[in-house]
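J.: These are the residues of each chain, in order.
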Amino acid sequence: MNSFNRRDFVKSAGAISIAGATAGVGLSGCASVGGAAKPKVVIVGGGFGGATAAKYIAMWSEGKIDVTLVERGSAFVSCPLSNLVLGGSKSIGDISVAYGGLDKYGIKRVQGEATGFNADKKVLALADGTRLPYDRLILSPGIDFMLESLPGLASAEARGKVLAAWKAGPETVALRNQLTAMKEGGVFAIHIPKAPFRCPPGPYERACQVAWYFQQAKPKSKVLILDANEDVVSKKGLFMAAWNGKFKGVVEYRNNQEIQDVDAKTNTLKMTFGDDLRADVLNVLPPMRAGNIATQNGLNNSNKRWCQIDWLTYESTAVKNVHILGDSLQIAPLMPKSGHMANQHGKVCAAAVVALLTGDVVSAASMVANTCYSFIDDKNVVHVASVHRYDAAQKTMVTVAGAGGLSPSPNLAEGVYANSWAKNIWADMLT
Amino acid sequence: MHFQSRFRVRALALTLAGAMLAAAPSAFAQAPVSKHLARNLAAQCANCHGTNGNSVSDVPSLAGARAIDTIKKMTDYRDGKMPGTIMHQLAKGYSDEQIALMADFFSKQAK
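First to last, the protein sequences are chains A and B. Heads up: the first sequence begins at 0 in numbering that gives the first Met the number 0, then just goes up one per residue. Heads up: the second sequence begins at 0 in numbering that gives the first Met the number 0, then just goes up one per residue.
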């Protein structure tokens, strides 16, 4: 049902004839020939990866490539900084950016839900019946949840009560509302799935933000971190120092907390080992995999969970002419699933796609850098940084030895830089 | 002393950038080097320093900065001569050649 249906496809004959007419032109790579149609790039997902790729392909091709961005939302809402909405120091409006800033690059924007594609005919299908022909398709679909492992969250009703709020937007606001409505002395519990998941430091930052809010508004309330992992996955020393210092008596961390299921009616976790655990506000991050469009169209060729790519072009190793960015990827060693990383993927992919479609050289050397800031309270921030380079022998990205590192401790200067980072990366994607 | 070190950095930058660009096609015959290598490397900086080095926030812009100044800052961060919150860690990820290429790119960007 969700995957591309060939019969439906054939019915929309008008769209096909357009696709057929343009597909060959793009393949030739002769975009500059007078009168010929420009090569077409269609991008799915207007997040850190997709919006960046759209802007940079339009900018770097100087109008030689026709760029279309398909996004389901009406505005971009940033996952980075969204924990501050839970803490109360930012509003959802503070972390939202309109897509209109991309118009000046000549990017066509389509609001809709991409459902599948025909890899032979090179056409993307949207849920509303729209068909978009492409020479290169770029998918930046983020993550979706592996709900089959948690039957208690199968219904939308259950997921509307026990929230994930792991895609910034209405759920972020809803979780904030649950926290403000919670009684003084209550318990907020967050369950963290086994890695890998989107934003490794994110759950721990969230615990800090909720603890900071409780200290001000509900000082007898507690934050309980139930981590399925053996240990804190990211910035361990820095987060532990906060929980044992500034948030001592507020935050409790427990490792190896695997769950069997969730009872949304009673806000209860069914633990694999030990007694059931009930919380006043329960926040469950289900196990994650590549976004639906990647999973449902055979691109998830790494443990049927993530997508493998060629790190020089970000082209799928499963389907030709389809490129994948961001959290859906089977990561290279020590490369986090972060918005910053997806933005960098978008630029390497943009350079490669422009080269491929204009007959230019695809670089055999690619580098990406990562910076992840985490807010401990409203102003004090810590970071983790890394630099990655392509290793031709291993055909993957490896970290550059000696580069990168962590903050020594939470500090105000990085609070300023983190907010500045957000403004610049949002502008780098969207204006 | 100050002049001398600046001169050395400038000479290094020009030599390296020139050598990199000139040698690239032959030295890396098996590994094609894009003529956009500098642009592609510099794009890594945009997340914090703005597209093409034009910052819209408190992080300094790099666009239009003299290459010699950018090279000096990056190498000082890298070599532990300048303290930083994050740049001293990131700078260690790049070679003299890469720093020179990025600095040259930013020096040519409109502010």
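Calculated directly from the structure, the hints in this document are not laboratory data. Here the structure is a predicted model, which is why all the values come from computation and not from measurement. Don't be surprised by glycine CBs; every beta carbon is placed ideally from N, CA and C. Take the hints with a grain of salt, since some may be wrong.
If the Cβ cut is set under 7 Å, some of the chain A residues that face chain B in the computed set are [stated by the list, open to error]:
| hint | residue |
| --- | --- |
| 1 | Val-318 |
| 2 | His-339 |
| 3 | Lys-346 |
| 4 | Gly-358 |
| 5 | Ser-362 |
| 6 | Asp-390 |
| 7 | Ala-402 |
| 8 | Gly-404 |
| 9 | Leu-411 |
| 10 | Glu-413 |
| 11 | Ser-419 |
| 12 | Trp-420 |
| 13 | Ala-426 |
J.: Determine for every hint whether it applies to the structure shown.
T.: So, going through the hints one by one against the coordinates:
Taking 7 Å as the C-beta contact cut-off toward chain B, the hint placing Val-318/A at the interface is violated, the least distance being around 24 Å. A distance limit of 7 Å between C-beta atoms decides the matter here; for His-339/A the minimum to chain B is near 6 Å, and the interface restraint holds. With 7 Å as the threshold, the beta carbon of Lys-346/A comes within range of chain B, its nearest partner Cβ sitting at about 4 Å, so the hint holds. The restraint placing Gly-358/A at the interface with chain B is violated, with a minimum CB-CB distance near 13 Å, outside the 7 Å limit.
For Ser-362/A, the interface hint holds, since its Cβ comes within 7 Å of a Cβ in chain B; the closest pair sits about 4 Å apart. Hint on Asp-390/A is violated. Least Cβ distance to chain B is approximately 12 Å, over the 7 Å limit. Interface hint status for Ala-402/A: upheld, as the beta-carbon distance to the closest one in chain B is roughly 3 Å, under 7 Å. The criterion of a C-beta within 7 Å of any C-beta in chain B is met by Gly-404/A, whose closest approach is roughly 4 Å, and the hint holds.
The interface hint given for Leu-411/A is violated, since its Cβ lies 11 Å from the closest Cβ of chain B, which is over the 7 Å cut-off. Interface restraint check for Glu-413/A: the shortest CB-CB distance to chain B comes to about 5 Å, inside 7 Å, so the restraint holds. With a least beta-carbon distance of about 4 Å to chain B, the hint placing Ser-419/A at the interface is held under the 7 Å criterion. For Trp-420/A, the interface hint holds, the least distance from its beta-carbon to any beta-carbon of chain B being 5 Å, beneath 7 Å.
The criterion of a C-beta within 7 Å of any C-beta in chain B is met by Ala-426/A, whose closest approach is roughly 5 Å, and the hint holds.
Violated hints for the displayed structure, listed by number in ascending order: 1, 4, 6 and 9.
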